[in-house]
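**Q** Chains as they are written, first to last, in this note's numbering: chain A, -7 to 312; chain B, 1237 to 1551; chain C, -6 to 101; chain D, 871 to 1264; chain E, 571 to 675; chain F, 60 to 452.
No lab work stands behind these hints: they were computed from the structure. Treat the hints with caution; some may be incorrect.
Taking lysine to aspartate or glutamate and the EDC-like style, the derived pairs with C-alpha atoms no more than 20 Å apart in a straight line are [unchecked claim]: (1) F:LYS430 x F:GLU346; (2) A:LYS92 x F:GLU346; (3) B:LYS1332 x D:GLU1214; (4) A:LYS277 x A:GLU254; (5) F:LYS217 x C:GLU21; (6) B:LYS1337 x D:GLU1214; (7) F:LYS286 x D:GLU1063; (8) F:LYS349 x F:GLU304; (9) F:LYS283 x C:GLU18; (10) F:LYS254 x C:GLU21; (11) A:LYS307 x B:ASP1435; (12) A:LYS94 x F:GLU374; (13) B:LYS1546 x A:ASP201; (14) B:LYS1332 x D:GLU1253; (15) F:LYS283 x C:GLU21; (16) F:LYS318 x F:GLU289; (17) B:LYS1333 x D:GLU1063; (18) F:LYS438 x D:GLU1097; (19) F:LYS405 x D:GLU912; (20) B:LYS1333 x D:GLU912; (21) F:LYS292 x C:GLU21; (22) B:LYS1333 x D:ASP1072; (23) D:LYS1243 x D:ASP1229; (24) F:LYS371 x F:GLU346; (25) A:LYS306 x B:GLU1547; (26) A:LYS97 x F:ASP403; (27) F:LYS283 x D:ASP1072; (28) F:LYS430 x F:GLU365; (29) C:LYS51 x A:GLU291; (30) E:LYS590 x D:GLU1097; (31) C:LYS57 x A:GLU291; (32) B:LYS1333 x D:ASP1058; (33) D:LYS1244 x F:ASP403.
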Amino acid sequence: MVPLEEVKKMELPADVKKKLTLPFEEHFYAGHTACQGCGAALGLRYVLKAYGGKAIFTIPACCSTIIAGPWPYSALNAPLFHTAFETTGAVISGIEAALKAKGYKVKGEDGIMVVGWAGDGGTADIGLQALSGFLERGHDALYIMYDNEAYMNTGIQRSSSTPYGAWTTNTPGGKKHFLEQRPKKKVIDIVIAHKPAYAATASVAYPEDFMKKLKKAQTIKGPAFIQLFAPCPTGWRAPTDKTIELARLAVQTAYFPLFEYENGKYKINMPSPNKEPKPIEEFIKLQGRFKYMTKEDIEILQEWVLREWDELKKKAEIFG
Amino acid sequence: MAVRKPPITTREYWAPGHAACAGCGPAIVMKLATKAFSEAMEEKYGDPNAFAIAHATGCMEVVSGVFPYTAWKAPWIHVAFENAGAVASGVEAAWKKLGRKGKILAIGGDGGTADIGLQALSGMLERRHNVVYLMYDNEAYMNTGIQRSSSTPYGAWTTTSPPGKYSIGEDKPKKWVALIAAAHQVPYVATASIGDPYDFYRKMKKAASVDGPAFVQVLAPCVPGWRIPPEKTVEVAKLAIETGIWPLFEIENGDFHNIKFQRFPKDGKFKKPIEDYLRLQGRFKHLFKRPEAIQELKNQVKEMWRILGKEVELP
Amino acid sequence: MNVLNTLFGEKKAKAEKMVFNSVEEYPEAPVTLGTTLSNFTGDWRTFMPVIDESKCIKCYICWKFCPEPAIYIKEDGYTAVDYDYCKGCGVCANECPTKAISMVREEK
Amino acid sequence: MPMRKVMKGNEAAAWAAKLAKPKVVAAFPITPSTLVPEKISEFVADGEMDAEFIKVESEHSAISACVGASAAGVRTFTATASQGLALMHEILFIAAGMRLPIVMAIGNRALSAPINIWNDWQDTISERDTGWIQFYAENNQEALDLILIAFKVAEDERVLLPAMVGFDAFILTHTVEPVEIPDQEVVDEFLGEYVPKHAYLDPARPITQGALGFPAHYMEARYTVWEAMENARKVIKEAFDEFEKKFGRRYHMIEEYKTDDAEIILLTMGSLAGTLKEFVDKKREEGVKIGAAKMTVYRPFPIEELRALAKKAKVLAILEKDISFGIGGAVFADASRALVNEKEKPIMLDFIIGLGGRDVTFDQLEEVVAISKKALEGEKVEEVNWIGLRKEIL
Amino acid sequence: MAESPFKADIERVQKEYSEKMTPGAIVYIPGSSVVNKTGGWRVFMPQFNREKCIRCFMCYTLCPEPAIYLDEESYPVFDYDYCKGCGICANECPTKAIEMVRESK
Amino acid sequence: MPKKVVSGNYAAAYAAKHARVEVVAAYPITPQTSIIEKIAEFIANGEVENLQYVPVESEHSAMAACIGASATGARAFTATSAQGLALMHEMLHWAAGARLPVVMVDVNRAMAPPWSVWDDQTDSLAQRDTGWLQFYAENNQEVYDGVLMAFKIGEHEKVNLPVMVVESAFILSHTYDVVDMPEQEEIDEFLPPRKPLYTLTDFENPFSVGALGTPADYYEFRYKIAKAMEEAKKVIKEVGKEFGERFGRDYSQMIELYKTDDAEIVFMGMGSLMGTVKEAVDILRSEGYKVGAAKVRWFRPFPREELYELAKNVEGIAVLDRNFSFGQEGILFNEAKGVLYNTDAKPIMKNYIVGLGGRDITVNDVKAIAKNMKEIIQKGKLDREIEWYHLKR
C-alpha cells in the first residue's frame, strides 16, 4: 500500500483535457471482478462518467452484480440497489416515485438520474414485464440493457436476445443440428411499441455517441431506454482483446445498427452513414460461438441482418 | 324458402348457463373465437375439435368454470393470472410430443395480457410456439371491480383512476399490445372489434390457420365497467371503429410497412366524431366538462394512427 | 517521479481489505462499506501491456477503452498502466492505432 | 448392466431425468442448478433424449409451462434453485392443487438479500406449505435415485402430487462422485409409462381444469390434497421397497446410524448427514453414546418414524440449514408435532447451522454435543442455537 | 322446430352430474353450465317477428350466451331458459324484427 | 375522537393516509382492491400531499417498487391477497433481507386451486419464513390500529423489518363497522416521519445495498434479522402500550387473553374468527364450561413466552386453524406445540381445521369443539390430533 502522503493529486495539462473525448473523472473503481475485456464493465464506466456519480443505480442479479462487488465492497461511486433478476423496471419506478414524493429533482441537468442497469436476459426475458410497466407508466428514469446476447452469469445459456446460429451451453451443436434456431428478439422495437420518450441503441465501441445518448436520456422528460451492445469475450469464445473490435464490427455490418427514437421520430446515427454494411462473416469469424454454423446458417443470418437494416432505413424515412 | 347457410359454424364450444353479465362483450368473443377456431381446425386437420384452451384468470375464466360446472366444451385449463402464454407453451409442447395435431388457444383479458401476463406472452411469441393468443380488451380490470390497466384509454374513469379535483381520470395513453406483439415479428397479428363480428371471425380463423404464433386483440365492451346499457355493447364497439378510436389492422411477420387496414376511410377522414363514442359511456361522462381532455384524447388517437403510418382527420 | 495513480489517488491508498471478526461489527443491513480498489486484480494477468512512448501519439484511445479502468494519464500527457489492476485483456493494444502498446508475457 | 460414472450432482439429476424419459422439460438458468438443463439440452441435441425442451423466459414461466404440459398428460421435469424457486411460489400451490405430478430438482441454495449462491435449505423449506412432496439427497447417487423415486411416488394414483428433490448447492451440485446409472430397461419397468387418468386436455374428452371453488367445495378440494399427502407416506415406503428390489439400494423415511443405545441423536437432512456419520464414529471412539439420523423425506413429514427414533434418545438435536424468522428452525417445529403428545419424550434442541454455505466443521458439531450434554445433565440451555457464528453470542 | 344444440349436454349433465370432489377439482362434464337456467335473470325478453326477419344471422352471431340457435330454415330460435334479456339482438337487428318487452312473471 | 363507519379495507386505506405514506405501489386483486381504490380517490381529491401511487403491472412489481421506494427513504405501503401475495414471495424475502420496513395489508384469501376469493389464512401463513412481522386483526378497528402500529414497529431502529397486517376477506374487508380514528396531529405525534437505516440518496458516501454475500458474511446478516425479530417483541409491547396510553386501546399483549384466568380449556386462534369464539365463550361459561379464548395477535415474532404463561395453567388447548400445511398440520398448531415442547407446560393440544375457503364458523361449532375437548380431557387421551372440523363426510 502506498503511503497517503506520497499520493499526488494531479491536474491534467490543459491540452490533454481538450483532447479527451470523455469526461476525465472516474466514478467506476478498478479492482472489480469482471472478466478480462468485459464489455459490460466498460459500459458501466461510461454511464458513471456521464452522470458524474449523481445517479442511483439498480442492478438485478447478473454479471454486473459480481462486477459491482461482493459485500462489503462496491465498484460504483454511486448509490446502488441490488435487486432480484426480474424487477429492475419496477424498482426504478419505486425509486423515482419515492424521490418525487420526497421532493427531489429527478432528471434534467441538475436532477438525480435513476438508472436501471440490466443484461439481456434480465431485460428481454425475465424482466420484460417490469420494463414494459415502467415504460407505460412514464416514470422519469433510464433503463439500460447491456446486451451480451446470452445468460453469461449462469454460464452462457441462450436468452431471447441470442442471435440465430449461436452456440450456447443449452443450444449446443449436437448430432441433431441444434444451435440457437430463433432470430434475436428485437427488444428495442418492443420498447418503441410503447412510445417511450426516448429510446436508442448504443455500442461500447462508440462511447462518444453513447455519452451523447446518455445526456439526452437525462434531459428528455419521461422514460428512456438504451440498448447497449457489450461484447462478452468469455461467452462469445473470443479473444479478450477483441471486445471493441467486435462491438465496432457489429455496427459496421449493420448487425447492431446505431439509431435513436425521439418524439416518435427515428434517426439513424451510424459512424459512416454512407457505407454499405460489411459482410456478416467479418463479425462472426472472430467468435468461437459461431463456429458450428454451416454456410446456409450464415446466409440465413446475413439475410436477417440486411432485412432488419432495410426495415430500419424505411422507418427512418417514413418517421424521420 | 331456401335454407340460407349462416356465415359461421353452428358447432358450439361455449355453453349457456355461464355467469357473465347480461350483454357481456367478452362472452361474445368466447363464442365466436372458438367457433372460428374449430372451422380453421377442420379445414387444416379435418378435425374441428383439434384445439385446447389455456385461460388466464379474469372475468371469462370466473364466469365459465365454477366447480362442478363448466361452460366449455373444449379441453380447457386455467392456471393463474400471469401465465396463460407459458401454460399454452407447455400444452403445445406436450401435444407435439404426443403427436396430437391441432393448435392451442390462449385467452387473456387486457390486464392479464398487457400487464401481469405480458412477459409470458412475449416468451411464447419469441419461442415461436404454435399458439394463438387472444386478448379480449375491455380496457380495465373488470373482474376485481374496474381498476385501470395499462390498456385503459386516456381520460377513462376507473376505481383507481377516479376523476377529481386533481385528476381527469386515467392520465396515461393506452398501451397497444398488438404493436408490441408485432414487434416480435410473429407470423400474424391483428386487431378486431365485436362491432364487426365477421371481420373478427375471419381474423381468428386466419390466426388459427397460420403456422406458428399469432396474436389477436379484440375490443369487447364491458357493461358494468363502461357504464353502458347492456344492449349497447355491440353498438359501442361499432362506434369505436367508425370514430377512429379503434383501428382494425393486420400485420404479418412484423412488417410494419405493409399493414392491412379494414374499414379505414379512403381519404383518411373519419365521419363520426369521437364524442359519439364517448357519450354512450358513463366512464367518459366527466370528460364533457373538460373539452381539453377530449382534445388530448383525439391527439393521442391521431398519434396512434401516425405510428401505423396513416395521417387521419377526426371531426 | 511519483505519480502513483492519477485515476484514484487517495482513494486507492486508503482502500483496504475488510475483515469482520464479530457479528457486532457488521452493519444492520447489507450495505457496502468500501470500494473494490483494495482488490488488486493485477495478479490475474498473463500478458502485460507495455507502452512505447516513442510511438504514442496521445490519442487516449487506450484510456478510453480500458474496462477496469487501469490506464491513467501522466503529467507529461503520455498514458501509463496501473499494473495493480490491469488484468491483461489486451483491448488497449488491439485498439492502439500506432501499435505503441505491445502485450508481453509476464514473468512471475 | 448398470454403468458407473464419475459425475457432478447436477449431472446425476440430468441422468435421472433422461432415464425417466419426461416428454417436456421447461427450465430457466440459475446458479447452481443450470447444469441440469444444460446437460439435458445436450442429451436432446444428441438425440439421446426425446423431450421437448422449452427455454422459457423466467422460472415463473418454467413452472407454468410444466403445469400446462403435465395437465396435457405427459411426464414433466424441471430444475431450479433459490430465487428461481421463490419466483415459482404461486404456481407451486397451483401445481399441487391441480394434482399434477411434476418432478423438480433443486440445488438447495440460500435466499437473498444479500445475494448468496451457496448452500442452505431456505429455498425448499420456505415451500413446505405448498403441497409438494420433498426429498433431500445426501449424495449424488441419492439425487439420481430419489428423482426416479419421486416420479414413481408423484404419479401414483393414490398420490398425484408434485415432488421436489433437493441436493445441496456446490457440496453436491458441483462435486464429482462415482454414481451408478441404472439400466434403462429396469428404470422403464420401475416407472412404467405415465398414463394419466385424471388430467389430459384431450379434445376427444374435453375437461375443465382449474375451475373456481366456492366455499361449498373449496374445503373438500383442499382435503383431498391432504389425503393424497397422507397416502404418500405409504406409497413412498412401497416405492423404497420396490427400488431396493430392482436396484439394490435401500432408502428410509428416516435413516438411522448407530442410534440403538444412543443418548444423543443428531437429526439432519441432505449432505450434512455424511459429515454427521463421520463425526459419530469419532465420538463413539471417545466413548460418547451418540447416533445420527437423516430425514430423506421431509414432506409428508415422517411422524411415525420420528416417534420411533425419539424413543431411543434422551436428547434429540436437530441440525438444520434454515431459519423461520421469529420462531426458529422449521424442522424443529415440525418434529415437535410428532412428539408433543407423547408420554415419554426426549429433550429436543434446535441448531441453526451452515446457512449460506458456511462450512460445518467438527468443532461446530462438538459445540452441538456440548450443548446437548448440558441439557442431558439437566442444565437449562437455549432451545434455538446458532452454531458457527463468528463470535460466541449466546 | 330444431333442437337446441345443447340438448345432449343437458341430458348428460342430468344423468352424470355429481358433486363428488375430483382430484384437482377437475370438471369432467363439458358444457355442464347448462344446468344454470340464467333465464331467471331476465327483465325484458326478446320477442321475435318472423315476418320481418331477413336471416342476416346478426342476432345469432352476437348473442353472448349463446341463447339463440337456428331452426331448419335458419330462422333464429330463442332459448328462454338461458336468455338473460340483454337486448343486443334487438339493438343490432337491422329490420327491427326483434323487440324487447317487459316480462310479466 | 372522530368515528367513521368504514369497511376493513377502507380502514386500512385511512390508516395508510393517516400514517402519511409517501409511496403506494399496488395491483388489483379481489378482495384487496378497495384499499387502493380508496387511496386513488384520496389522491384524485387532493386529500393527500406527496403521495405517489404507482399502478404497477403485477404484484411482483408492486413489492419490487415498494422496496425501491423504501430503500430511497420513503414510507411505502401496499396491499394484496392470496395469489398476489404468493407472486410477491421472492420479493418478500428481499424486503426483509434489505431491512426495509414496508407495510403491507394482506386480505386473507384462500389459495388456488380451486379458485376461491374467500377467507383463509394459508396465504399469509405460508409467508412465515420470509422475515416479515405479522399482525392478525380481529375487526376493522384492529385493521386501522394495526397499520398505524406496523409503521411504528417496523421502522423502529431496533427492528427495521417489514410488517404485514392481516385481515379476513369479506368478513372484515367488505363489512362496515365503526372505527375510531384519532386526529391527524395525534397520529403525527405517535408516528413521526421515518428515520431510515440508510437511503439511496446518499451521494456523499455512496454504497450499494444487497450485494453478493459470500459464505464469509451471509450468515451474520441472517442472524441480524433473527435478532431484530427477537427485539421486535419488546418493541411491539412498548408500542402497543403507548398506543393504549394515547388512544385508549391497549395492544401491549401479543396474545389477547379472554376469560382465561380459571379456564381449563382455551380456544386459540387468529383473526376475525376469534370474535365468534369470544361470543361462544360467554355462552359456554353460562352453561358451566370453564373455557377461555386466546387470540394470537402477533404471529411473527411468535409470542413464545406469553404462550407458555398461558399454557402452563390450562388442561387443554384447542387450536383453531383456518389454514393448513400439507403433509403436516395447521400452522398455528404446528408452531404453538413447537415452542411448548421443552417446557413443563403440558396441556393436551388438538388441532381443529376450520373454515377453509370462507366456510362459516358459528358459535355452535365452537360449542361442539368445547364438548369434544372436554371428553378428551376427561379420558386423558386424544381421539385424533387433527380434525377437519367442517368437512362434509
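**Q** Hint by hint, note whether the structure agrees.
**A** Status of each hint after checking the structure:
| no. | hint | result |
| --- | --- | --- |
| 1 | F:LYS430 x F:GLU346 | holds, 11 Å |
| 2 | A:LYS92 x F:GLU346 | violated, 61 Å |
| 3 | B:LYS1332 x D:GLU1214 | violated, 58 Å |
| 4 | A:LYS277 x A:GLU254 | violated, 35 Å |
| 5 | F:LYS217 x C:GLU21 | holds, 9 Å |
| 6 | B:LYS1337 x D:GLU1214 | violated, 63 Å |
| 7 | F:LYS286 x D:GLU1063 | violated, 51 Å |
| 8 | F:LYS349 x F:GLU304 | violated, 32 Å |
| 9 | F:LYS283 x C:GLU18 | holds, 11 Å |
| 10 | F:LYS254 x C:GLU21 | holds, 14 Å |
| 11 | A:LYS307 x B:ASP1435 | violated, 29 Å |
| 12 | A:LYS94 x F:GLU374 | violated, 55 Å |
| 13 | B:LYS1546 x A:ASP201 | violated, 32 Å |
| 14 | B:LYS1332 x D:GLU1253 | violated, 55 Å |
| 15 | F:LYS283 x C:GLU21 | holds, 7 Å |
| 16 | F:LYS318 x F:GLU289 | violated, 28 Å |
| 17 | B:LYS1333 x D:GLU1063 | holds, 14 Å |
| 18 | F:LYS438 x D:GLU1097 | violated, 28 Å |
| 19 | F:LYS405 x D:GLU912 | violated, 58 Å |
| 20 | B:LYS1333 x D:GLU912 | holds, 18 Å |
| 21 | F:LYS292 x C:GLU21 | holds, 18 Å |
| 22 | B:LYS1333 x D:ASP1072 | holds, 13 Å |
| 23 | D:LYS1243 x D:ASP1229 | violated, 23 Å |
| 24 | F:LYS371 x F:GLU346 | violated, 25 Å |
| 25 | A:LYS306 x B:GLU1547 | holds, 17 Å |
| 26 | A:LYS97 x F:ASP403 | violated, 61 Å |
| 27 | F:LYS283 x D:ASP1072 | violated, 53 Å |
| 28 | F:LYS430 x F:GLU365 | violated, 26 Å |
| 29 | C:LYS51 x A:GLU291 | violated, 42 Å |
| 30 | E:LYS590 x D:GLU1097 | holds, 15 Å |
| 31 | C:LYS57 x A:GLU291 | violated, 35 Å |
| 32 | B:LYS1333 x D:ASP1058 | holds, 18 Å |
| 33 | D:LYS1244 x F:ASP403 | holds, 18 Å |
Comparing the model with each numbered hint stated earlier shows that hints 2, 3, 4, 6, 7, 8, 11, 12, 13, 14, 16, 18, 19, 23, 24, 26, 27, 28, 29, 31 do not hold.
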